[in-house]
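S.K.: Here is how the chains run, residue by residue.
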Amino acid sequence: MTIAPVDSPDPIPDPTRAGVVLALAVAVVGLTFGVLARSIGITVVQACAMSLLVFTGASQFAVVSVLGGGGSAWAAFGAAALLAARNTLYGPVVSRWFPPGIARRLVIAQLVIDESTGVGAAQHDATRARRGFLVTGIGIFITWNLSTLAGSLLGDEIGDPNRWGLDAVFPASFAVLLAPHLRTVRGRWAAILAAAVALVTTPLVPVGAPILLAALVVVPVAMVGGRHTEGDDPGNGDDTGNGDDTGNGADIDPGGQP
Amino acid sequence: MSWSLLIPLAAAAYGFKVVGFVVLGRHPLHGPVEWMVELIPAALLSALVAVQTFGDGRSLTLDARAVGLAVTGVAVWRRLPFFVVIVLAAAATAITRAIAN
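Read top to bottom, the protein sequences are chains A and B.
Take the first sequence: its position 239, counting from 1, is numbered 250 in the working numbering, and each next residue is one higher.
Take the second sequence: its position 100, counting from 1, is numbered 103 in the working numbering, and each next residue is one higher.
Among these hints, one or two may not hold up.
[To be verified] To be clear about the criterion: a stretch of chain A counts as covered by chain B if any three or more of its residues have a C-beta under 8 Å from a C-beta of chain B, and this derived list gives those stretches:
1. 65-78
2. 89-97
3. 113-125
4. 176-182
In case anyone wonders, no lab produced these hints; they're calculated from the structure.
Note that beta-carbon positions come from the ideal geometry of N, C-alpha and C, so glycine has one too.
Please model the entire structure based on the sequences and the hints provided.
M.R.: Shown next, in the form of structure tokens:
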């Protein structure tokens, strides 16, 4: 796992820049989604409809993978739905950055995905979190859909995308977004236990379920750790007084040396 | 693929987002529940990194992606820019894969 040394707090990624970088990286992955979709007989219109309406990369790749492997539509639906279910858990995280108002929230809801939530939650205050979430979510919505269209029109001209190491794009992105959370003791425990639960359960339950099971670790970690045993967490909406994005000393836990 | 798979899937994916963001997110959080919600990104991002690096369907494998993750770890630790981290991770994975084959 990527555990940064405690004495070197990770810089919080600038929300706008992180969003733009992720949107560009996702474009490459969207291209491969379009190509793969066409290769198993999904039409251009269906591939584009899926990126517009489903808009959850992991679920879309699961559909292609299950159908491509000869699985039934039900199996494809089950795998994709299980992978999409984690976006429910992101809802309450993102909700703290936005004012109430059902109509606007019904639109913003479509943008609640791993990347947008991750960029937002890496920030110190609600304003920056909201900006990071929106730049990332809207940016990825644009590039994901355009690149799906391009990939599905190109067809099989690219070859095996993993030859270019594209399967490393998402884990690397998520590791960058994870780093700020590792500066607190509770964040480190949540990360370590969640990774352990996810890996141990991978052979035991259907694809997608390990991520949901891993989320359960927040219950014991929150109960044991409490909240005020350490500095402010990234993503804490109350912390509006600190505008700099270099980690401040209060976030370093002196007793947390591994 | 039929539209009778695509449309219900789109509805389910959007439904999950709405339930979390619009329904569950409607009320302000307090106490232990708020602490748990604050930890969700750390837990889910870490689980995603683990599964996407070591998972292959329902089995675990050690392959070129592990090298990509190791390079990612060093790059994040050295505080390299986001874009550089991604390019280095992809390059390390691709090179490892090319050598191994």
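S.K.: Against each hint, give a clear statement of whether it holds in the structure.
M.R.: Hint by hint, here is what the structure shows:
no. : hint    : verdict
1   : 65-78   : holds (count 6)
2   : 89-97   : holds (count 5)
3   : 113-125 : holds (count 8)
4   : 176-182 : holds (count 7)
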